[in-house]
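Starting from the given sequences, assemble the full structure and let the hints guide the process.
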Amino acid sequence: MNTLINLGYLVAAALFIFGLKGLGHPRTAVRGNLLGAVGMLLAVLLTLLDRHIISYEWILIGLAIGTAFGVILAVKVQMTQMPQLVALFNGFGGGASVLVAGAAIIVAVLHSRVPSTQMTVSTATSGLIGAVTFWGSLVAFAKLQGIISSRPAKIPVHQLWNVLLLLVSLGLGVLVVLQPSAVAWYWLLVAASSVLGVLMVMPIGGADMPVVISLLNSLSGLAAASTGFVLNNSVLIIAGALVGASGLILTSLMCKAMNRPLSNVLFGGVGATTIEAGDIYAGKVKSTSPEEVAMLLDGVQRVVIVPGYGMAVAQAQYAVRDLANLLESRGVEVLFGIHPVAGRMPGHMNVLLAEANVPYDKLKTMEQINPVLEQTDVAIVIGANDTVNPAAREENSGPLAGMPIIAVDKARTVIVIKRSLSPGFAGVPNPLFAADNTLMLFGDGKQMVVEVTEALQTG
Amino acid sequence: MDPFIAALAIFILAVFVGFEVITKVPPTLHTPLMSGSNAISGITIVGALIAAGEKATTATTILGVIALVFATINVVGGFLVTHRMLRMFRRKD
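First to last, the sequence lines map onto chains A and B. Position 337 of the first sequence, counting from 1, maps to 337 under the working numbering, and the rest follow consecutively. Position 41 of the second sequence, counting from 1, maps to 500 under the working numbering, and the rest follow consecutively.
No wet-lab data here; the hints were simulated from the structure. Warning: the hint list may mix true and false statements.
[To be verified] Within a straight-line C-alpha distance of at most 27 Å, the following computed DSS-like cross-link-like pairs (lysine-lysine) qualify: (1) K21/A to K514/B; (2) K21/A to K551/B; (3) K362/A to K256/A; (4) K362/A to K551/B; (5) K362/A to K284/A.
[Claimed, not checked] Anything over 12 Å on all C-beta distances counts as not near chain B; from chain A, calculated: (6) G24; (7) V38; (8) D50; (9) E57; (10) T117; (11) Q145; (12) L188; (13) A223; (14) D279; (15) K286; (16) T288; (17) D322; (18) E367; (19) R419.
This one's a predicted model, so the numbers in the text were calculated from it and none came from an experiment. The beta carbon of each residue, even a glycine, is placed where N, CA and C say it ideally should be.
This is the structure we're talking about:
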């Protein structure tokens, strides 16, 4: 029976791999996700046959409560809120690992078995990673949801506290390994790691969230894998390793897209300071009106729209879609240029535009769109700032130095839709706003796009 | 083979499989990738089910049930919201 269950677990693990493989293309992605879900269902059903389970009442209650909340959250969430939902789910995964490992060590001690070193070490690891994931994710959720300020928050000698808490956690981990029967060590470890999780994410500001969410995603996987070592269960190890790898890849992609090492994102505190704009804007910024933009768009061949987090905030994706459709109906080629860190999580803009029914083959990556921009009549920037800041190319120091950008300044005309000249998250002034070929359309993102569309229709 | 080394080998090989498979996911699907892989990391549900059902002590049952609620939210919510997102991606028609 046990062998059969374990074989079944391997089938579930294989389904996870096929599922992730399916996510490699939009055409196969829905099926891929379903394969993953089938794998999970299989793993759950097999576990219910496990001989250790003698009572099902609490299981049914737990499953019912979890399913209800899960369904409500998944159905009610708006696409703009996806980053905070994923953060929350990450946290729950990490939290579950902490509790499962905690229960496992109690059971092992209870049966007066001497737990193996593998078990004690991995229990300590689960507690540490899981608690950091849980609390870090809750802080990320609170920041993204606006429950607490998304600005970086630091305490005096912040990094020293982080190092200290990590050392304390590791020390407590050693005690868990040496004295597994003293369960208190484990919960102290969890407590110290919890504070570490909070302190780790507090100083990270809004626009660095794509990195943090990716990292927490990876950690939630590693916590699950670690719990797999506690329980000696291969499906947990495999699934956790897959997710750990996935999160790590995304983390590294996000860091590259900002040209900042992970340590700088975690400890750099970018976004806490603002550099004075000085006179780079003085007398050079040209303001425009929706009517003027509509005239500009009349008779052009190619328009590239570059969205940023501001589009999500303004819920402007449908208005943008209407403008794109209108332009296309007049024979204009409309493309979208999406920076890897646009928005608050990897792929955030793509999901919003997909929600508004923009076909995915119109969404171009930074590498794809930059060569095209030189032969583009009009580039429209909506709610993006740092990701289109040409200063990133020239500066040698500062938060944007060397960051790859979407080169909208190469287009013949650039329209920037923005409320004011205030700097983006990096706190650096944007010379794009003062460039000769840039026109500023000041106002609410959605409102302005709607007015441009109306002016185009009537004009 | 030492069971720990066997488990570690599984872990390391799975990390490599993960790198191979996930590098091929296009940026446009990165959000669903994250929520979908996140749902997979809810596999801890397996451990939560055992802890909630083995009736070892009251403490472990409580820990197990809370873990089960967390993991179930993670799994059910994760797969469902990923499905919702992926159905929106369409080609030009």
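Cross-check of the supplied hints:
no.: 1; hint: K21/A to K514/B; in the structure: violated (38 Å)
no.: 2; hint: K21/A to K551/B; in the structure: holds (23 Å)
no.: 3; hint: K362/A to K256/A; in the structure: holds (24 Å)
no.: 4; hint: K362/A to K551/B; in the structure: holds (8 Å)
no.: 5; hint: K362/A to K284/A; in the structure: violated (33 Å)
no.: 6; hint: G24; in the structure: violated (5 Å)
no.: 7; hint: V38; in the structure: violated (10 Å)
no.: 8; hint: D50; in the structure: violated (6 Å)
no.: 9; hint: E57; in the structure: violated (9 Å)
no.: 10; hint: T117; in the structure: violated (8 Å)
no.: 11; hint: Q145; in the structure: holds (16 Å)
no.: 12; hint: L188; in the structure: holds (16 Å)
no.: 13; hint: A223; in the structure: violated (8 Å)
no.: 14; hint: D279; in the structure: holds (38 Å)
no.: 15; hint: K286; in the structure: holds (33 Å)
no.: 16; hint: T288; in the structure: holds (30 Å)
no.: 17; hint: D322; in the structure: holds (16 Å)
no.: 18; hint: E367; in the structure: violated (10 Å)
no.: 19; hint: R419; in the structure: holds (26 Å)
The earlier numbered hints that this structure contradicts are 1, 5, 6, 7, 8, 9, 10, 13 and 18.
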